[in-house]
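Enquirer: These are the residues of each chain, in order.
Number of protein chains: 2
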Amino acid sequence: MAIRQRLSSEERRAQLVRLGLERIKSHPFDPVLLDQVIESAGISKGLLFHYFATKRDFLAAITESAAAELLAATEVDPERSPAEQLRQGLEGYIGYIEQQPDSYVAIARGAGSDERLFAIFEQTRSTLADRIVAGLVIEPAPLLRLAARGWIAMVEEATLMWLRDQACARDELIEMLEMAALRVLPEVLARV
Amino acid sequence: MAIRQRLSSEERRAQLVRLGLERIKSHPFDPVLLDQVIESAGISKGLLFHYFATKRDFLAAITESAAAELLAATEVDPERSPAEQLRQGLEGYIGYIEQQPDSYVAIARGAGSDERLFAIFEQTRSTLADRIVAGLVIEPAPLLRLAARGWIAMVEEATLMWLRDQACARDELIEMLEMAALRVLPEVLARV
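If you read the sequences in order, they're chains A and B.
For the first sequence, the numbering used here gives the first residue as 1, with consecutive numbering after it.
For the second sequence, the numbering used here gives the first residue as 1, with consecutive numbering after it.
Since the hints were made in silico from the structure, they are not lab data.
In this text the structure is predicted, and so the values were computed from the model without any measurement.
Each residue gets a CB set at the ideal place from its N, CA and C atoms; glycine is no exception.
It is possible that some hints are incorrect.
Some, not all, of what chain B presents toward chain A, calculated at C-beta under 8 Å [stated by the list, open to error]:
id	residue
1	A147
2	R149
3	G150
4	M154
5	E157
6	M161
7	W162
8	M179
9	R183
10	E187
Below, a list of computed lysine to any residue pairs in the SDA-like style, where the Cα atoms sit at most 25 Å apart [unchecked claim]:
id	chain 1	residue 1	chain 2	residue 2
11	A	K55	B	F118
12	B	K55	A	E115
13	A	K25	B	E122
14	A	K55	B	E115
A few chain B residues that don't get close to chain A, going by computed Cβ distances all over 12 Å [as the list claims (entries may be wrong)]:
id	residue
15	V17
16	L21
17	D35
18	E91
Bound-form chain A, shown alone (with noise of 0.2 Å):
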């Protein structure tokens, strides 16, 4: 006789949202990810619907882990020199997004047509260009700002091109982006 899995609450809850997250990753786009989710967790969809009211909040919960689990993947060791806390973060960043990359491509341009989902992809490019900004300056300038979150986006921009066709070297593309930032936001920040 099987026996249902008790969970508390918010462990049914993380539970769900980590299988999402998992079917995602391996299967992104996907029109059967709820049936997926509540076949691997051993419960009901009403269940399912009792912890996310609709399949948007659902995409909503896996989309705030899928950003959780980036920034944590571009921690980078505060002891360490700021170049290589650069290199740390650019290495852990397209590493991040080599493991999955048609997720992230479809995660991310699914966001644009979702308000909530767009708001979580703008929080995290946000917290990652102020990280940036705060190993730089104490009080950032808004052109520095500017140039932080413009980087993250080449950033973002070339390495998705990259993983298309890998027309040059992993080491290459993740020197051209250091050079970027080490020639560009140095000179803006002996500007403002």
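Chain A is fixed; fit chain B onto it per the hints.
Expert: Just chain B, lined up with the frame of chain A:
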């Protein structure tokens, strides 16, 4: 007695796209877009659907028309120096988006959820990057294309962020983006 304007099939199609583009510039994401366009054109909904099989087809035609406008706005004079061309292209790009920031954001974000609209955006960015690369070198290396596409993404992101609060001067923004291209692209060129 009102006389309905007689237009050739091609003229009618162009008129509808032009009316749609005008409407989208002042009322992004407008649920009554179609109704407004047929009213302005003085035609029936049936006739609009004769030219565009679906609302999505009509939106794709409008997006293509906006992309053509953006490419025209960023044309540069090949007789000028590379630095002057860079400045001219940046001024054209920012000037175009400045006219209708909400529409640009709405179209760019909406495009994420539709393969065809996304492809139009991709093609536009790719054309912009190709122009830059073609101005620098005859046989572009993959890394240079990645850097140029990354820089285009930087320009787009920084411009859209700047438009929200215009927290620094327009010239500071343009000079920062110009400096980024001038520091990064020649160095990539020297490496490949």
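Enquirer: A separate judgement is required for each hint: does it hold in the structure or not?
Expert: Against the structure, the hints come out as follows:
no., hint, result
1, A147, "holds (6 Å)"
2, R149, "holds (6 Å)"
3, G150, "holds (4 Å)"
4, M154, "holds (4 Å)"
5, E157, "holds (4 Å)"
6, M161, "holds (5 Å)"
7, W162, "holds (6 Å)"
8, M179, "holds (6 Å)"
9, R183, "holds (4 Å)"
10, E187, "holds (6 Å)"
11, K55/A - F118/B, "holds (24 Å)"
12, K55/B - E115/A, "holds (22 Å)"
13, K25/A - E122/B, "holds (24 Å)"
14, K55/A - E115/B, "holds (22 Å)"
15, V17, "holds (23 Å)"
16, L21, "holds (20 Å)"
17, D35, "holds (22 Å)"
18, E91, "holds (17 Å)"
Against the hints set out earlier in the document, no violation occurs for any number.
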